[in-house]
Amino acid sequence: MKVLAAMSGGVDSAVAAARAVEAGHEVVGVHLALSRMPGTLRTGSRGCCTVEDSMDAQRAANKIGIPFYVWDFSERFKQEVVDDFISEYQAGRTPNPCMRCNERIKFAALLEKALALGFDALCTGHYASIETDSNGNLELHRSLAMAKDQSYVLGVLNKQQLQHSLFPLGKAANKEDIRAEAKARELSVAQKPDSYDICFIPEGDTRDWLSDKIERTEGAIVDLEGNQLATHDGAIGFTVGQRKGLNLGKPSADGKPRYVLSIRPKENVVVVGPDEALLISELSGSKYSWCGEAPSNTTDWFDAEVQVRAHGLSHPCRVKVAGDQMVIALAEPIRGVSPGQTAVIYLGSRVLGQATIDKTVSAVMEQV
Amino acid sequence: MPVYLDHAATSPIRASVLELYIATLSEIGNPASVHSFGQHSRQILEQAREEIAKAINCDRNEVIFTSGGTESDNLAIKGIFWDVNSKEPNKKVIVSAAAEHHAVLDAINWLVDSQNAELYLIPSDDQGVLDIAALERYLEQNASRVALLSVMWANNEIGVIHPISEITKIAKSYQIPVHSDAIAALGHIPVDFAESGLAAMTITGHKLGGPVGSGALILRRDQKLTPVNHGGGQERNLRSGTSDASSAAALALTITEAVSEQEDLAQKHQIMTQRLIAGVKQIASDVIVSAEKAPRLPNNAHFRFPGCLGDSLLFLLDSDGVSISTGSACTAGVSGPSHVVLSLGASNDEAMGTLRITLGHSTKDQDIEAFLEVFPKAYQGAKKAGLTRR
Numbered sequence: 001m002k003v004l005a006a007m008s009g010g011v012d013s014a015v016a017a018a019r020a021v022e023a024g025h026e027v028v029g030v031h032l033a034l035s036r037m038p039g040t041l042r043t044g045s046r047g048c049c050t051v052e053d054s055m056d057a058q059r060a061a062n063k064i065g066i067p068f069y070v071w072d073f074s075e076r077f078k079q080e081v082v083d084d085f086i087s088e089y090q091a092g093r094t095p096n097p098c099m100r101c102n103e104r105i106k107f108a109a110l111l112e113k114a115l116a117l118g119f120d121a122l123c124t125g126h127y128a129s130i131e132t133d134s135n136g137n138l139e140l141h142r143s144l145a146m147a148k149d150q151s152y153v154l155g156v157l158n159k160q161q162l163q164h165s166l167f168p169l170g171k172a173a174n175k176e177d178i179r180a181e182a183k184a185r186e187l188s189v190a191q192k193p194d195s196y197d198i199c200f201i202p203e204g205d206t207r208d209w210l211s212d213k214i215e216r217t218e219g220a221i222v223d224l225e226g227n228q229l230a231t232h233d234g235a236i237g238f239t240v241g242q243r244k245g246l247n248l249g250k251p252s253a254d255g256k257p258r259y260v261l262s263i264r265p266k267e268n269v270v271v272v273g274p275d276e277a278l279l280i281s282e283l284s285g286s287k288y289s290w291c292g293e294a295p296s297n298t299t300d301w302f303d304a305e306v307q308v309r310a311h312g313l314s315h316p317c318r319v320k321v322a323g324d325q326m327v328i329a330l331a332e333p334i335r336g337v338s339p340g341q342t343a344v345i346y347l348g349s350r351v352l353g354q355a356t357i358d359k360t361v362s363a364v365m366e367q368v
Numbered sequence: 001m002p003v004y005l006d007h008a009a010t011s012p013i014r015a016s017v018l019e020l021y022i023a024t025l026s027e028i029g030n031p032a033s034v035h036s037f038g039q040h041s042r043q044i045l046e047q048a049r050e051e052i053a054k055a056i057n058c059d060r061n062e063v064i065f066t067s068g069g070t071e072s073d074n075l076a077i078k079g080i081f082w083d084v085n086s087k088e089p090n091k092k093v094i095v096s097a098a099a100e101h102h103a104v105l106d107a108i109n110w111l112v113d114s115q116n117a118e119l120y121l122i123p124s125d126d127q128g129v130l131d132i133a134a135l136e137r138y139l140e141q142n143a144s145r146v147a148l149l150s151v152m153w154a155n156n157e158i159g160v161i162h163p164i165s166e167i168t169k170i171a172k173s174y175q176i177p178v179h180s181d182a183i184a185a186l187g188h189i190p191v192d193f194a195e196s197g198l199a200a201m202t203i204t205g206h207k208l209g210g211p212v213g214s215g216a217l218i219l220r221r222d223q224k225l226t227p228v229n230h231g232g233g234q235e236r237n238l239r240s241g242t243s244d245a246s247s248a249a250a251l252a253l254t255i256t257e258a259v260s261e262q263e264d265l266a267q268k269h270q271i272m273t274q275r276l277i278a279g280v281k282q283i284a285s286d287v288i289v290s291a292e293k294a295p296r297l298p299n300n301a302h303f304r305f306p307g308c309l310g311d312s313l314l315f316l317l318d319s320d321g322v323s324i325s326t327g328s329a330c331t332a333g334v335s336g337p338s339h340v341v342l343s344l345g346a347s348n349d350e351a352m353g354t355l356r357i358t359l360g361h362s363t364k365d366q367d368i369e370a371f372l373e374v375f376p377k378a379y380q381g382a383k384k385a386g387l388t389r390r
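Protein chains in written order, with our numbering: chain A, 1 to 368; chain S, 1 to 390.
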C-alpha cells in the first residue's frame with residue numbers, strides 16, 4: 001500500500017511510520033503545520049506545534065529513510081478546530097479539540113488530500129487497533145496498552161475512514177516498549193516527553209487564553225433556586241464540575257462544597273449546587289456517528305458502555321436512537337458531564353460509535 | 001535521473017569551482033598573517049577580489065567578502081541607514097518594495113520596529129512592475145527624509161527585472177544612496193556595477209554553481225556604512241572575521257564563468273522557458289503565468305494554478321523525480337502564501353497554488369522534456385487534491 005504517515009514529531013508517530021515501512025508499505029512522512037506563526041522551540045507539555053517538532057519529525061523520517069514533507073493545514077485548523085473551540089465555549093459547552101482535529105483535519109482534510117494524491121491509507125501513532133470481524137467488516141478496538149488507549153479520540157471515525165486508516169501501535173503493550181523500540185531504531189525522539197495540553201494554548205490555561213477572544217462581562221453565580229450567591233467576571237470558561245475559583249465568599253447552608261452545575265451564556269449566569277446535583281443519568285446528542293458497521297437495530301435499547309472523557313472510565317449503559325438523537329441511559333449515575341463533551345460507546349473493547357453531548361439529564365432533579 | 005529545476009534556491013556546484021575550492025582549502029595561512037603562509041593566502045584572496053571586480057565592472061576595493069546574500073543585505077541596509085541617520089537624524093525613511101527578499105524586508109522591518117526607521121513601499125502592479133512615477137512623486141515631497149533606497153535587480157520568485165539605472169538616476173538627483181540585491185540577476189542578465197549607479201549591491205555564488213557561504217557586498221568607494229559585526233575589520237574595516245580565501249577564490253571563479261557564459265546561457269534559457277510555459281499552458285488552460293508581460297529573467301518561469309495547492313504539485317512532481325519549488329525556500333518547510341505573489345494582488349488561495357521553475361548552468365533540454373512529461377499527471381492529481389478543500 002501507499003501510506004501517508006502523519007508525523008507530529010513525537011515518538012509514537014515516528015515508531016508507527018517505521019513499523020509501516022517494515023510491514024512493506026511504501027511510506028511518505030508528512031508533518032502538519034497547524035500554525036503559520038510556529039514557535040521555535042517546544043515549551044511545556046504541548047505536542048507538535050513548533051519548528052522543533054517539525055524538525056524532530058523530519059529527523060525521524062530521515063532515519064527511517066522515507067521522504068518527508070510539511071503540509072500547511074493552518075487555515076483549516078483555525079477554522080475547524082480553534083474557532084470551533086472558541087464558539088463552543090461561547091455557547092457554554094466544553095469542547096474536545098483533539099476529537100475535532102481527528103474528525104475534521106487528520107481523518108478528513110488530510111485523509112482526503114492523501115487519497116486524492118494517490119495514497120491508500122493514512123498511518124498515525126494512535127494507540128488503538130483495527131480488527132476485522134467474521135464478516136470482513138472493520139472494527140476499531142481499544143489498545144492493549146490500556147493506560148495509553150486512544151480509541152476514545154478516534155470514536156468519530158466512520159466506516160470509510162477506518163478503511164483508510166493504519167494504526168501500527170495498536171498491538172503495543174505499553175509506552176515503554178515504544179520508547180525502547182524508538183531507541184533501538186536510533187530515533188532521537190525516543191525520550192521526548194509526552195504531550196498533554198491543548199496544542200494551540202501556549203500556557204495551558206484555557207480560561208486565560210479565551211479571555212482575549214471572548215468578551216467577558218460580569219454576571220451572577222446563582223444556586224439552584226436562582227438566588228444570587230456571588231458574581232463572576234464572565235461565564236465563559238467555567239466547566240461543569242468545577243469547584244475551585246468560584247469565590248463564593250460564604251459557605252453553603254449545609255457546609256458542603258458547591259460545584260458548577262451549568263453555564264447559561266445567554267443570561268451570563270453560572271449555576272452552582274451540591275455535589276449530588278452533578279450526577280447525570282442520561283445523555284443525548286444529535287451529532288452522532290457509528291464507527292464501522294452500525295448495529296442492526298438501533299431503535300430498541302441495547303446494552304453497551306460509555307466513556308465521556310479521553311482518559312476516563314467506561315460506564316455500563318443502554319443506548320438507542322430516538323428520532324434524530326442518540327440517547328444513552330446510564331446504569332449508575334455519573335458525575336460532572338458537560339454538553340460539548342463526546343460520549344463514545346463501546347461494546348467490550350470495540351468502539352461502536354459516538355455522540356457529541358447536547359443534553360444531560362440529572363439523576364436527582366430536573367435539568368438545571 | 002532526478003531532474004533539478006530549482007536553481008534560484010541553490011545551483012549544483014561547478015566541477016571547475018569544486019576543484020579549485022578543494023585545492024585552495026588545503027592551503028595554509030590566514031590572509032591577515034604577515035608571514036609567507038599568510039602572504040600566500042592573501043594573494044589568493046586578492047586575486048579573487050580582482051577577478052570579481054573585473055567580472056562585474058567595479059573597483060577591486062569595492063568588493064567586500066561576506067558569508068552570502070543575507071549578510072550582504074543586512075550590512076548594506078542597516079549599515080547605510082545607521083551611517084546616514086547618525087549624521088542627519090531626520091533622514092529615517094527607507095524606500096523599498098513589497099516583493100523584496102526577506103533578507104531585505106526583515107532587515108528594514110527590524111530597523112522600523114527598533115531603530116525608529118520608516119518604510120515607504122514603491123507601489124507595483126499585477127505584473128510586479130514598480131510604479132516609478134509614484135516613486136518620483138514620493139521623492140519630490142519626501143526626499144529630504146529618505147536615508148536610502150533598496151530595490152532588487154530582479155525578483156527571485158517571479159523573475160521581474162527592475163529598472164535599476166532609472167531608479168539610481170532619480171535617486172542621484174536627491175543624493176540618496178541606492179542598494180540592490182542582484183543575486184537573482186547576476187549571471188542571467190548583464191550586471192555592471194559602475195554603470196548601474198548603485199551605491200551598494202549584493203551578490204552571492206551558490207545560485208550560480210559556487211559553494212554556499214560565499215558572497216560579497218559591492219560597496220562604492222565613497223559610500224560610508226556602519227559595520228554590523230565588530231572585530232578585526234578585515235574587509236575594509238566594514239566587515240570583520242577571518243578572511244576565507246578559498247571561498248573567495250571559488251566565488252570569483254563562479255562569477256567569472258557565469259558572467260562569461262551569460263549571453264549564451266540567457267539565449268538557451270529563454271528558449272527553454274518559452275517551451276515550458278507553452279507546455280504548461282497546453283495542459284492547464286487556466287494557468288496564470290506570473291509577470292508574463294513584465295521584463296523577465298530568462299531562467300525563471302512562475303505559475304499560479306487556480307484550485308491547486310502548490311505543495312500537492314511539489315509532492316507529486318518530486319515523487320516523479322522532478323524537483324521544483326512553490327516559491328522561495330524557507331526554514332520550517334511550510335509553504336504559506338508567498339508575500340511576492342500577494343504583492344501582485346493575488347488572493348490568498350491563488351498564492352497557495354504556485355510553482356516556480358528556475359534554470360541554471362547545468363540545465364539541459366531533456367530536463368525540460370522530463371518536466372513536461374510528468375507535469376500533466378501531477379497537475380491532475382493536485383487539482384483533485386485541491387477539490388478536497390472545502
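These aren't lab readings, by the way, just hints derived from the structure by calculation. Take the hints with a grain of salt, since some may be wrong.
Take a look, some chain S residues computed to stay more than 12 Å from chain A by CB distance [claimed, not checked]:
(1) I28
(2) D59
(3) D83
(4) D106
(5) G231
(6) E261
(7) A278
(8) Q282
(9) S312
(10) L316
(11) S319
(12) D349
(13) L372
(14) Q380
(15) K384
(16) A385
Straight-line Cα separation of at most 27 Å, DSS-like style, residue types lysine-lysine; simulated pairs [claimed, not checked]:
(17) S/K377 x A/K2
(18) A/K2 x S/K78
(19) S/K224 x S/K364
(20) A/K78 x S/K383
(21) S/K281 x A/K159
(22) A/K183 x A/K171
(23) S/K78 x S/K224
(24) A/K78 x A/K287
(25) A/K266 x A/K183
(26) A/K183 x A/K78
(27) A/K2 x S/K383
(28) S/K384 x A/K78
(29) S/K384 x A/K159
Even glycine gets a Cβ: it sits at the ideal position worked out from N, Cα and C.
Hints the structure fails to honour | 9, 10, 11, 12, 14, 15, 16, 18, 19, 21, 25 and 26
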